[in-house]
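Visitor: Residues per chain, in single letters:
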Amino acid sequence: MAATADAHGVIGPRFFPATIATDDPFAADELALPTISIIRHRDDGSEVTETAYDVEYSKSILPGFALSFEEGYAQARAPGAPSVSGFDNLELTPVLEIARSGEHEFIVSLAFGWEIGGTGTSHAGADAASTFTPRIQFGKGFGDLPEPLSWLRPFALTGTAGYTVAGNGAPHTLEWGGAVEYSLLYLQNSVRDAGLGPELARITPVVEFSFASPLDRNGGATTGTINPGFIWSGQQVQIGAEAMLPLNRATGRNIGVVAQLHFYLDDIFPRSLGRPLFE
Amino acid sequence: MTLRSWPAIAAILLLPQAACAHALLQHADPGAGAVVHGAPPELRLEFSEALEPASSGVTVTDDRGQVVSEGSPAVSDSAMMVRLKPLSPGEYRVRWHAVSIDLHRTEGRYSFSVAP
Chain H
160 MAATADAHGV IGPRFFPATI ATDDPFAADE LALPTISIIR HRDDGSEVTE TAYDVEYSKS
220 ILPGFALSFE EGYAQARAPG APSVSGFDNL ELTPVLEIAR SGEHEFIVSL AFGWEIGGTG
280 TSHAGADAAS TFTPRIQFGK GFGDLPEPLS WLRPFALTGT AGYTVAGNGA PHTLEWGGAV
340 EYSLLYLQNS VRDAGLGPEL ARITPVVEFS FASPLDRNGG ATTGTINPGF IWSGQQVQIG
400 AEAMLPLNRA TGRNIGVVAQ LHFYLDDIFP RSLGRPLFE
Chain E
10 MTLRSWPAIA AILLLPQAAC AHALLQHADP GAGAVVHGAP PELRLEFSEA LEPASSGVTV
70 TDDRGQVVSE GSPAVSDSAM MVRLKPLSPG EYRVRWHAVS IDLHRTEGRY SFSVAP
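Residue numbers (this note's numbering), protein chains in the order written: chain H, 160 to 438; chain E, 10 to 125.
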């Protein structure tokens with residue numbers, strides 16, 4: 160009998176959808192194409208509207224180990240000024256799952272982000288020097304809460320913390336964030352049949368948070384966004400959309416928006432591209 | 010392997026292999042959190058995908074951990090059914106695991122109650 164494999168984002172009875180603003184802790188075969196964000200912020204006294212398009216492809220090499228490739232393209236427009244556009248540096252990130260507990264709906268992984276300097280468009284802001292970000296990531300579902308707290312069991316939390324070292328002398332930065340998720344599917348199947356129906360149960364309301372805290376070299380205050388939104392998970396794709404609320408004035412004053420179309424390659428190509436290269 | 014075989018190989022690798030995916034539980038009877046009046050004769054689970062019968066299963070236990078499901082479940086396409094022993098009033102726990110035909114495994118657990 161051929162070996163079975165855990166479905167993407169599944170740990171025990173819990174399904175974690177792929178989050179948009181932060182990396183989830185799974186090493187899976189996935190394609191996010193595209194992720195589109197629009198936000199307006201002040202830059203040198205001008206209101207700049209920045210539209211970014213991003214693609215990320217993750218390929219499992221071994222069960223529990225994957226390589227992720229990410230590339231982006233951004234356009235910045237300001238009134239009365241020519242637009243500036245170009246590619247970000249390519250980012251390569253290996254991800255290794257180091258602990259899993261289906262009983263406690265818990266997973267931990269390590270990642271090492273390498274933003275490859277000089278691979279993007281320099282006049283659009285892509286740095287010539289590389290940036291390295293080792294990260295730890297986790298996911299925890301609350302299905303093991305005691306019976307008096309069973310109404311909280313559909314909740315899950317993901318988190319990520321990374322230490323960024325930039326080759327251009329920029330401040331070392333703690334990049335951290337995560338997501339609070341409420342799984343209607345988990346409510347329906349593991350807590351109480353609320354009569355939602357299979358399609359409505361595929362929606363996961365989510366609040367993501369993504370922050371950057373400079374640690375030295377007068378890097379300034381923590382900036383970032385808090386993103387309330389939803390993710391709808393189909394059998395082979397998921398769609399998500401979130402508002403981007405600035406954390407503080409240092410981040411900006413305007414609300415942005417981000418949306419993503421995400422493909423579960425392990426379900427689309429279960430016997431070829433969607434399986435680890437080595438098993 | 011000749012040059013002419015590469016387009017066929019690429020097609021096999023790149024074309025989606027039928028509409029298959031991991032099996033999500035779509036309906037259960039008795040369902041999660043249900044209070045059933047009178048002992049149900051069987052537990053039935055319905056999934057989003059067809060199942061591998063040999064790799065899928067379900068167990069029902071009482072509050073002392075004693076198994077109250079009888080034998081192996083019957084799997085038919087995307088449904089799984091297991092007969093139950095006569096159940097006394099109380100709480101029962103269901104644990105299931107399902108392997109879809111694309112060999113992805115999912116699992117789940119929930120409780121239901123039997124009332125007089």
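No lab work stands behind these hints: they were computed from the structure.
There's no promise every hint is true.
What the hints assert, rightly or not - Listed next, the stretches of chain E that the computed footprint assigns to chain H, with coverage defined by at least 3 CB atoms under 8 angstroms from CB atoms of chain H: (1) 33-47; (2) 75-89; (3) 92-99.
Unchecked claim - Computed beta-carbon distance windows for the label pairs: (4) H:Ile295 to E:Ser85: 43 to 51 angstroms; (5) E:Met90 to H:Asp303: 26 to 34 angstroms; (6) H:Pro364 to E:Val45: 40 to 48 angstroms; (7) H:Leu311 to E:Glu100: 52 to 60 angstroms; (8) E:Val45 to H:Ile295: 19 to 27 angstroms.
Backbone N, C-alpha and C fix where the C-beta goes; we use that ideal spot for every residue, glycine too.
Visitor: Of the hints given before, which are not true for this structure?
Guide: 2, 3, 6, 7 and 8
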